[in-house]
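A.B. asks: Heads up: the sequence lines are chains A and B, in that order. The numbering of the first sequence is our numbering, which starts it at 1 and goes up by one. The numbering of the second sequence is our numbering, which starts it at 431 and goes up by one.
Treat each hint with caution, since some may be false.
Unchecked claim - Here are the computed distance ranges between Cβ atoms for each label pair:
#: 1; chain 1: A; residue 1: Gly-408; chain 2: B; residue 2: Met-622; range: 34 to 44 Å
#: 2; chain 1: A; residue 1: Glu-291; chain 2: B; residue 2: Glu-670; range: 27 to 37 Å
#: 3; chain 1: B; residue 1: Thr-526; chain 2: A; residue 2: Leu-230; range: 52 to 62 Å
Simulated from the structure, these hints should not be mistaken for lab results. Backbone N, C-alpha and C fix where the C-beta goes; we use that ideal spot for every residue, glycine too.
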Amino acid sequence: MLRIKNGRVIDPASGTDAMLDVWVEGDRITRVAPPVGGNAAGDAGGGAQVETLDATGLCVAPGFIDLHCHLREPGFESSETIETGTRAAARGGFTAVCPMPNTRPVNDSASVTRGILERAATASTRVWPIGAASAGSKGEALAEIAAMQQAGIVAVSDDGKPIATTKLLRQVMDYCRALDLPVIDHCEDASLFAGAVMREGRQSLRLGLRGMPAATESIAVCRDVQIAELSDCRLHIAHLSARASLELVRGAKQKGMRVTCEVTPHHFTLCDDDVVYDTRFKMNPPLASAEDRATLIEGLADGTVDAIATDHAPHEPASKDVEFDRAPFGVTGFETALALALELVHASKLPLARMVELFTTGPARVLGRTRRIAVGEPADLTLFSTDHAWTFRASESASKSRNSPFDGRAFRGAPMATIVAGRIAYRREA
Amino acid sequence: MPERLRHLLAIEPLTAEQIVFLLDEAKPFQEFQRYPLKKLATLRGKTAALAFFEPSTRTRISFATAASRLGADTMNLQAETSSLKKGESLLDTVRTLDAMKPDCIVIRHSSSGAADFVASRLEIPIINAGDGMHEHPTQALLDALTIRDRRGSLEGLRVTIIGDILHSRVARSNMHLLGKFGCHFTLCGPAMWVPREWECSGLRVRRTSRIADALEGADVVIVLRVQQERLHEPALPLDEYILLYQLTPERLRLARPDAIVMHPGPMIRGLEIDPAVADGPQSCILEQVTNGLAVRMALLFLLIGTGSESDQPKGSTHAAD
Chain A
1 MLRIKNGRVI DPASGTDAML DVWVEGDRIT RVAPPVGGNA AGDAGGGAQV ETLDATGLCV
61 APGFIDLHCH LREPGFESSE TIETGTRAAA RGGFTAVCPM PNTRPVNDSA SVTRGILERA
121 ATASTRVWPI GAASAGSKGE ALAEIAAMQQ AGIVAVSDDG KPIATTKLLR QVMDYCRALD
181 LPVIDHCEDA SLFAGAVMRE GRQSLRLGLR GMPAATESIA VCRDVQIAEL SDCRLHIAHL
241 SARASLELVR GAKQKGMRVT CEVTPHHFTL CDDDVVYDTR FKMNPPLASA EDRATLIEGL
301 ADGTVDAIAT DHAPHEPASK DVEFDRAPFG VTGFETALAL ALELVHASKL PLARMVELFT
361 TGPARVLGRT RRIAVGEPAD LTLFSTDHAW TFRASESASK SRNSPFDGRA FRGAPMATIV
421 AGRIAYRREA
Chain B
431 MPERLRHLLA IEPLTAEQIV FLLDEAKPFQ EFQRYPLKKL ATLRGKTAAL AFFEPSTRTR
491 ISFATAASRL GADTMNLQAE TSSLKKGESL LDTVRTLDAM KPDCIVIRHS SSGAADFVAS
551 RLEIPIINAG DGMHEHPTQA LLDALTIRDR RGSLEGLRVT IIGDILHSRV ARSNMHLLGK
611 FGCHFTLCGP AMWVPREWEC SGLRVRRTSR IADALEGADV VIVLRVQQER LHEPALPLDE
671 YILLYQLTPE RLRLARPDAI VMHPGPMIRG LEIDPAVADG PQSCILEQVT NGLAVRMALL
731 FLLIGTGSES DQPKGSTHAA D
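Isolated chain A, as found in the complex:
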């Protein structure tokens, strides 16, 4: 039995924001009650051994969910494994992560899904795999979506690239509508993207790096929203980065469509002016303009954005230690996500409760799930401090990779403990 005492419980589902003790037995929450005086295990314990986690001064939130990450296993274990990736995720406060299917082999069949879940049985967090939309994510034939769903996938995507053709997208959406699975798309116009390595603008001109305009993304978002309307399917836009894309999502929501989107911490923190000849600033979609970033932050606050997702994309150091235009796209993100979101809270751009939603009920809703702190619910909890001072060091990361643009950044606020199914998956030394 575990008692989390004296914490500030923030539970967006019930609107709770109060000092409460949370009691956990096995993998479930068994009691949520105002703190009782003294140290007595009191009425709930009944003599059982009670472990106490002192959450004084900390926030206690439902377990964070990351809708978008790359664990690289199977196939690219030199960059990350399910074990190292989920350990980094737990250090970031995440209790469940959704790995994209662009592994080797691609997660496009029930057997690959089962293999991932077997490896995840001993992982630090829950692993909710996303299956490929098309076989091999090649954009030709449908993947074994129903079989993967039975094996445990929570959504489909050809992430790393868009679902290749509009016709295929329509088939995937019609099919997933019937299965009630969300379709997650990496939105990108192939010809505008080809050869580009950052957002087109002043900085790409200055650096002589090939740029892509914001429309590279928004054109594809427009396509997807129209097909989603035709299919009445749930559509989730991955790593949304442009204002025009956000406006399309906002419009779809106003029409009552089931269209959702996520924004990454790097996109709401950095912009294209921050890009230098350092491959840790190379990711796809690329860092947007400062104006777009401001719009993304508004979207996080006003509810247009449903989730903060990391797009944690580890790459082994040697692969990033090359010329900018030859480096692979992607940055790591698990361990800095919450601290970066708290920067927005500290800057009064995002209310704390809304931030918690973006890591919990928001992503849960995208997957058609719930997330709350209540008796009988799974004991997945994230304890964090809003003012713990620390500095992120990529060299000390639990990830196998080091490709973070936030290496050396000083933060205020951090995950302090991560509880997955009643077990303490991570606890920060104070």
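Using the hints provided, position chain B relative to the given structure of chain A.
C.D. replies: Frame of chain A, contents of chain B only:
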């Protein structure tokens, strides 16, 4: 004397004072090119590694000749024969070169930022001989030397650049350099090659797609090479380019009578430039080539010559690395 250079990676971060200093240092080497015996012993015992990862003839020969005339030896790496073809990374290749103990590396590479990348990983001076679409700093210096000789000063000139400005490292370096002296720029070419972002760069920039507008009143006309390898993305008919943008004697008459015409080479007569202009009295194209030697000799002398930083005992800044 301005702050000593350790590398030459780009023009953008330099001050006007540093540029004037470099140009002044090049003066005696301009004279020197007229000597019957063109060999100094200034850099005897020094070695410049020439790492050309992208095909180049004139820049490579210019650097090799500059080094040789100063008495330095060169180590040559050319893309066609290098181990890059065998899949070796840039970092491993330059580390290998570095292990042969040259005094500097002159690098030409098709990736923007390649020279910065190498400079951040090695301890020795790096000279950027052109990186992707980013900068070509020695070209801008030799162009500035040529302009200063012909016009007496760099201050406040009206400079017209014609061609594919978006993809041109020559245009970038020239704009950064001449912009530090208050020059006004008119950029002219097919609209997709003339990025509007230059207008908010802090420099005085005007864009036009009409060559007549661009040439009127110009002091300096820089004609860029039409990079035919880029015409396919997407295709622009060459005849269309010639029709609208070729620098012809008739068009050049719109510029000031004493305007000078420059081209970084290699030039294609009859495409971006009419042969009559290329060979005419206003052309300084061959002077540019000769001045390239002077600028590169001055640069090598400053970066690896006696009294340069590489001769000093390694200071605390290195100990900390």
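A.B. asks: Give a verdict on every hint.
C.D. replies: Here is how each hint holds up against the structure:
no. : hint                              : result
1   : A:Gly-408 x B:Met-622: 34 to 44 Å : holds, 39 Å
2   : A:Glu-291 x B:Glu-670: 27 to 37 Å : holds, 35 Å
3   : B:Thr-526 x A:Leu-230: 52 to 62 Å : holds, 57 Å
Violated hints are absent here; each numbered hint is respected by the structure.
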